[in-house]
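Trainee: This is what each chain is made of:
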Amino acid sequence: MQIAIVGEESFALGFRLAGIRRVEVAEDATAFAEGLSTLLKDPDIGIVIVPQAALEHAPGALRRRVEESTTPVVFPLGTQHNEDIRAQIVKIIGVDLWK
Amino acid sequence: MARLPAREIIPTRSELIELKRRIVLSETGYGLLKKKRDALMLELFKAIKKAKDARRELDEAYALAQEKMALAQATDGIARIKSAAFAQAASPDISVEAHNIMGISVPRITATKVSRTAQERGYGIGGTSSRIDEACRYYEIVVEKALIAAETETVIRRILAEIERTKRRVNALEFRILPDLEEARRVVQTRLNERERESLFVVKRIKKTLKK
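Chains A and B supply the protein sequences, listed in that same order.
In this text, residue positions in the first sequence follow the working numbering: the first is 1, and each later residue adds one.
In this text, residue positions in the second sequence follow the working numbering: the first is 1001, and each later residue adds one.
Among the hints, erroneous ones may be present.
What the hints assert, rightly or not - List of simulated lysine to aspartate or glutamate pairs, DMTMM-like, C-alpha gap at most 25 Å:
1) B:Lys1052 with A:Asp96
2) B:Lys1113 with A:Asp44
3) B:Lys1082 with B:Glu1144
4) A:Lys99 with B:Glu1008
As the list claims (entries may be wrong) - A partial selection of chain A residues facing chain B, derived with a Cβ cut-off under 10 Å:
5) Met1
6) Gln2
7) Leu13
8) Arg16
9) Ile20
10) Leu40
11) Ile47
12) Glu67
13) Phe75
Claimed, not checked - Quick list of the computed label-pair ranges, beta carbon to beta carbon:
14) A:Glu83 with B:Ala1098: 25 to 33 Å
15) B:Ala1172 with A:Ala87: 22 to 30 Å
16) B:Glu1174 with A:Glu83: 26 to 34 Å
17) A:Asp28 with B:Asn1171: 38 to 46 Å
18) A:Gly60 with B:Lys1020: 20 to 28 Å
The set of hints was computed from the structure by calculation and includes no laboratory data.
All values reported here derive from a predicted model rather than from experimental measurement.
Quick reminder that beta carbons are idealized off the backbone N, C-alpha and C, glycines included.
Go ahead and model the full structure; you've got the sequences and the hints to work with.
Mentor: Have a look at this one:
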């Protein structure tokens, strides 16, 4: 299986250097949603690395698909990437176990 | 499950037996679900510890990789970096297998050939600089760390979703289904006792009348 990237060219360039060939360049929210939807349907993709900020602005239905998807796994990368997991832990468990 | 309004229950012996059977079944389910919730919590603690370490390492690696990339861009220019990026020979190969934790399907990601030597990267050594090599190396580390973090965080998300579902079921059993069943059993039991007393009274009256 392959690793794929969806995001702006500046985000993807470093991953291209790491040898990742499957890149969907998306300079706006619509292109991002389209690129991610395409990759979610591809059985040869094992993991999709996306910028956290772009995923936060994606449509709700797409975000739900991302959360439920096991193959491929969609992995958001950014500065605030663990805040949503942290919020989820607090919501469900009632205690901030991440701190 | 629909509520059981007391007035719609048929007060018969068979209904009472059926209600008692459902109460036992619900109590067993309630106990099992509570145990499952506790076991999931333990799995969550383990996963959070792993995920925190993985995230910290990824954050550090990503910050360093971005720094190396900025340095390479400043000294070598974007065109040379793009040229090296498009000349990459081999792409990392991964396998994603689903495995079970307490009945939850979680991915297990294994990767091969993420970190490569300068020769394996495919671009000509003469055409690039040590800064581009460094950027490549650090982005390979980012990919390695991202794979570990992706696995552990997906496990956490799945466990959290399952804990939420289990908590909802436990609460429904504890605060809705079991109290309703107990109430229905009490109503049936009371009516049956009442009926028994009535029939006993009728028998006594008949006996009294017969004696006279």
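Trainee: Run every hint past the structure and note whether it holds.
Mentor: Cross-check of the supplied hints:
1. B:Lys1052 with A:Asp96: holds (13 Å)
2. B:Lys1113 with A:Asp44: holds (17 Å)
3. B:Lys1082 with B:Glu1144: With Cα atoms ~22 Å apart, B:Lys1082 and B:Glu1144 stay inside 25 Å; holds.
4. A:Lys99 with B:Glu1008: violated (52 Å)
5. Met1: holds (5 Å)
6. Gln2: This hint holds: A:Gln2 lies near chain B, its Cβ roughly 6 Å from the closest one there, short of 10 Å.
7. Leu13: For A:Leu13, the interface hint holds, since the closest Cβ of chain B sits about 6 Å away, which is under 10 Å.
8. Arg16: holds (4 Å)
9. Ile20: Result: holds, 6 Å to nearest chain B Cβ.
10. Leu40: violated (13 Å)
11. Ile47: holds (6 Å)
12. Glu67: For A:Glu67, the interface hint holds, since the closest Cβ of chain B sits about 7 Å away, which is under 10 Å.
13. Phe75: Hint on A:Phe75: holds, closest Cβ of chain B at ~4 Å, below 10 Å.
14. A:Glu83 with B:Ala1098: 25 to 33 Å: Taking Cβ atoms as reference, A:Glu83 and B:Ala1098 lie about 27 Å apart, which means the hint holds.
15. B:Ala1172 with A:Ala87: 22 to 30 Å: holds (25 Å)
16. B:Glu1174 with A:Glu83: 26 to 34 Å: At roughly 32 Å between Cβ atoms, A:Glu83 and B:Glu1174 fall inside 26 to 34 Å, so the hint holds.
17. A:Asp28 with B:Asn1171: 38 to 46 Å: holds (43 Å)
18. A:Gly60 with B:Lys1020: 20 to 28 Å: About 46 Å separates the Cβ atoms of A:Gly60 and B:Lys1020, which means 20 to 28 Å is violated.
Going through the hint list in order, the structure does not satisfy hints 4, 10 and 18.
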